[in-house]
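Student: Protein chains in written order, with this note's numbering: chain G, 454 to 805; chain Z, 335 to 713; chain X, 374 to 938.
Rather than coming from a laboratory, the hints here were simulated on the basis of the structure.
Bear in mind the structure is a predicted one, so any value in this text is a computation, not a measurement.
Fair warning: there could be bad hints in the mix.
As the list claims (entries may be wrong) - Part of the chain Z face toward chain X, derived, beta carbon under 7 Å:
no. : residue
1   : Glu433
2   : Arg442
3   : Glu445
4   : Ile449
5   : Thr574
6   : Ile575
7   : Arg708
8   : Gln709
By construction, the Cβ of each residue, glycine as well, lies at the ideal position given by its N, Cα and C atoms.
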Amino acid sequence: MTTPGVEIEGLTVGYDDVTALDDVSLSVTDGEFFTLVGPSGCGKTTTLRSIAGLESPDRGTVSIGGRGVTGEPPEDRETGIVFQNYALFPHMSVRENVAYGLQFRDSPARDDDERVTELLELVEVADLADRDPDQLSGGQQQRVALARALAPEPAVLLLDEPLSALDAQLRQRLRVQIKRIQSELGITTVYVTHDQAEALAISDRVAVMREGRVEQVATPETVYREPATRFVAEFVGDNNVFDGVVAPDGMRATVGDAAIALPADSDRDRGESVAVAVRPEAITVGRDGSDTAATERTVFLRATVETVEFLGDAYRVHCEWQGRTLVVKTDADEPPAGEVALRVDPADVRAL
Amino acid sequence: MRRRSFLTRTGAGLAGLTALSGCTGDGGDGTESASTESATDTESVTDEGTTTGTVEELSGTLSVATYSSFVGEDTAGNWLKSEFESEHPDVTVEFETPENGLNRYIQRKSEGAPIDADLFVGLNTGELVRADEQLDETLFATASDRIEGADTVKPELQFDPDGRVVPYDTGYISLVYDEGEVDAPGTFDALLEPAYEDALIAQNAQQSDPGRAFLLWTIYNKDPDGYLDYWEGLVDNGVTILSDWEPAYNAYSDEEAPMVVSYSTDQVFYHGEGVDMSRHQIGFLNDQGYANPEGMAQFADSDDAELARAFASFALTAPAQREIATRNVQFPAVEGVDPGGDFGEYALEPPEPVTFTYDELSDNVSGWIDEWARQIASN
Amino acid sequence: MDARVDRLALPVGVIATLATLLVVFYYPVGSVLVGAVRAGGQLSLVPLRAVLGDPFYADLFGFTAYQALLSTVASVLVGLPGAYLLARFEFPGRRFLRSVTILPFVLPSIMVAVGFLAMFGRTGLFNDLLAVVGLGPVELTFTLEIIVLAHAFYNAPLVTRLVTAAWESVDARRVETARTLGASPLVAFRDVVAPQLLPALLTAAVLTFLFTFMSFPIVLALGGLEFATVEVWLFARVRDLALTEAATLGAIETALSLGLIYVYLRFEAMQLRAGGGSRSIGREPLLAGWRSLLDPRRLALLCYGGVVLVLFVGPLASLVVESVTTPEGQFTTDYYAFLLAQQASAATGTVQPVPAITNSLLFAAGALVLALPMGVVVSVVAARETRGSRVAEALLTAPLAVSGIVLGLGMLRTLVFGTELFGHRLTVTGPVAIVAAHAVAGYPFVTRTVTPALRAIDDRLVDAARSLGASRTTALLDVELPLIAAALVAGAAFAVAISIGEFDTTVLLAEGVDSATMPVALERYTGNRSLGPNLGPATAMGTVLLAVTTVSFVVIDRVGGRWER
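The following block holds chain G by itself, in its conformation from the complex:
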């Protein structure tokens, strides 16, 4: 992909004395589903609003579809935006909402009706066209908001936590639908969410943000498997992250009284502080160290089961290990209990 979607260069936004965005640069390719994820206050929404032209950055540039739009008002940027609270115009019907943006395009009016109907069908609310927004459920309102944003055929679709106000089931259904529509239309999409699972599920690429900076930009797989920073490791997915010190052999990290093998490619000086991360699903629950596949670098941690959550397809087990809490995910038939030996393979360990 060579056509540019959205380019952000050195974006800095400050409110009063707080820096909301600090020199953020991002590049979204054409047709890509790109997600900004991070805890509240990380700057993801500010980034999105800067793309839309709803914020005036102190520094930096924004271009959409290869066209520099820095300083242009929102109405000239050809973006479509969907907000968490839908922001449907309460004094207009569903149809009027969706048709609203069409009047600003140079197109014959008679096409507009068709376009609206087409979009309402696309988001599966065609039968609600003449209702007022307050007569719709949250999910329906969000579909209308999506249709409204797509109607003028924007160069980029901006979604600001569009699913956060919906219940879990609906959220999952809708995100699949959004993904489907996005790939059907091939529209460049920037999606903002605080929900890392949603980010991983829906995106082509993810930017993890924290305190106005970008921590990592990568595919969901990379972000999950190879977090670039301790923050990313902790924020994306469940993770066990411990502070340790690189052992004298340079191959292990001492955490408590255990020595956890570091990945072969980690290049650390002895005595250096190191954070060690192991995903819950990478830890195996066993009775002791009698596992056959164990190599000499496999570590067994003796821990006590504290709480068990049943997830349907697996158990999520919270263990106490040397004053630390360890989370383990196991697909065993029975929930583990009491004293357990937790097996950690060096290949699954990330040193940060």
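Place chains Z and X on chain G using the hints.
Tutor: Frame of chain G; chains Z and X shown alone:
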């Protein structure tokens, strides 16, 4: 002549200095001679007034500045306009009635803004003093010696030593009282007695003509050194000081109090069948009434001075004087004019008209009023 | 709309608003107030020191604040039960009652004074009523009490309006939550409702204090000189052409008022905004059978109804009665015949009633057309809440803070007399100037009703519209304004009310009787003695004014009501 004027002038000359003699009472000679002289003049003017005016044909538009109640249906202003216009078919008279009266022109003059009016009708001594105090240049032209009939005005009413203003009528400030409620107070001192507790409504001398005249009347009787003490007594006895004549008189009509400061022409309004005349008794305190003559003056900046003077002359003719008196309910200024009718019957003149002269007022009147208002407002 | 024109609309609106303000407000007022810091043509503190160092003026400001405080307390006491009634009870005519609460605002003070004297005078209706129940008579005329009552007449409805609006925006769910947590109705009111009403109440109280602090015609008409306020004194100084002293008093008064405006804006911004999906507390029927009359709350409201009748209906009814009664108490139609005669009269200087009505309505319509966009533009700027925006807002709300006399004097000197510009003397008078002046007087009220409503709108609605291609102006017209229709209608009613009731600047800027309005006619008729010195003709004109205004409000309410969705 039954009526004796205690207001005199030292001479009949128009630019002569006015002097107050009412308090000393020794100006009898001057008075007599002045009034007789003027009376004869009046006759000649009234005979010729309407005919001599038309010798040279006047034309153009005359702008007359005045107060709003002088114009409108059945007013003196409108009578003057229509009569003057019918005598001079090429003349149009227009009225300007700015809300703030003479102040409008004083301010215009001091700001260097043009003055479009030719003649001001309806200013009194206090206002003339204020205009002169405020302005370095004179607002009005010295024209009275060129206004035909100006010398027929009663000398005691002349209040401008520089001969700019020609009086056309006068009122006398007096009390109007309800004899069913109170006895005639008779004197200023009586007003301090318990019998007149909460009985009097007066007006604010800062913004009301009769109010100012009444204040000056008290100063006239109690001296500049003593009037504030006198007013302290009035306030202690419950005098009410309202903003202007209308609210004061309305309050009196609504029986809020049995006495009000008003004009001695009160009964001209109230007489006849079904009217309770006991509520319209006139009280001349100390047998006096304070004269408040109204005058007219030609603006120095007038671009049609001749027309302005012709109109002023016209206002001094006997028929005009009678109409002004009846319609404005004020006494004529020209000697020997008898308005007759209801006015002649019901308008009362004080035994002793008194007033302050221009010279007595200038440099003093602002201070007197200010001191007085501060004392009242501090209560 | 052409895209470029559209984009410029808002900035142009701001500039046009500022330009109008500059010409008919800031420049005239500034030209007067500058006198407070000038002596002998140089910058000087002498005039300020002279006034500030004078104990008389200390007393004058003290008394002015004291009567304003009393008036504020009275307005709150009278206004609050009204808010309770309108917000919590349902009864026939509630909507009408709500919309006529604005009526006192429009009534020229000359007329209110006449009504009050007729109602509360020694021989007035009130004393007649008291006599029926064997009480009285009370002497109220020309006392501080009647001034305070008249101030309550004007301002209690303001308290009622603002507090009712706040009460209606209290989310019922919060009260329900408090109740389920064990709070009694009274405790729930104290802990949940009252804190939300308080900012509205404080807003109304500060505004009332401000208005009564600067009150002038009421004090002049109903009080004697003993009750002179700063504004009354200022008027006297202007009459005496003591302009430096007047300017200094005006400057101090304006500084104090601007401070109050700032406080007021703070309170206003504190008012909670009803979030999306909030549900107002339901209304109880006021009357549910005769038995409900035994309810102490309803009994108290009944008594309150009596107070309202005496204080609000009384003076207005007395005015109407006066217009058909001779001083001797006989029925008469003379005063209306007088109006007809004035109408028929061809005499110059006659103010005719029908043109006065037409002028009033035309000027009001013009002022509305101008004040509405001005107010909305200022609201849009104010609602942005950027740094310093509240100070800017205070300055833009300054027409509320500046004495009418200072403004009048300034207009006289700059607009009526004209200003030398490039060798020409420019004067600004006549109908256009009157409309502009009315708009300037009225737009702060539009802003005051529109700003909170605008702030309550979710910003994202505008964001959504703009990213769909709407310019800021189009978003304002398409999205925001329809959503705040109710506030716009209320603002429009204020603008019309201010315009119809305006007297001082109208009389200044009018060129002759052709531009006379109803209050001007009323004032002229008070001075007309053709029926003898009595207020009959004025009361007849006042009754006409009352009727025309009531009809206008009903029309605004109906038209506005249809527009609201």
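Student: Which hints from the list above does the structure break, by number from lowest to highest?
Tutor: The structure conflicts with hints 4 and 8, although it agrees with all the remaining ones.
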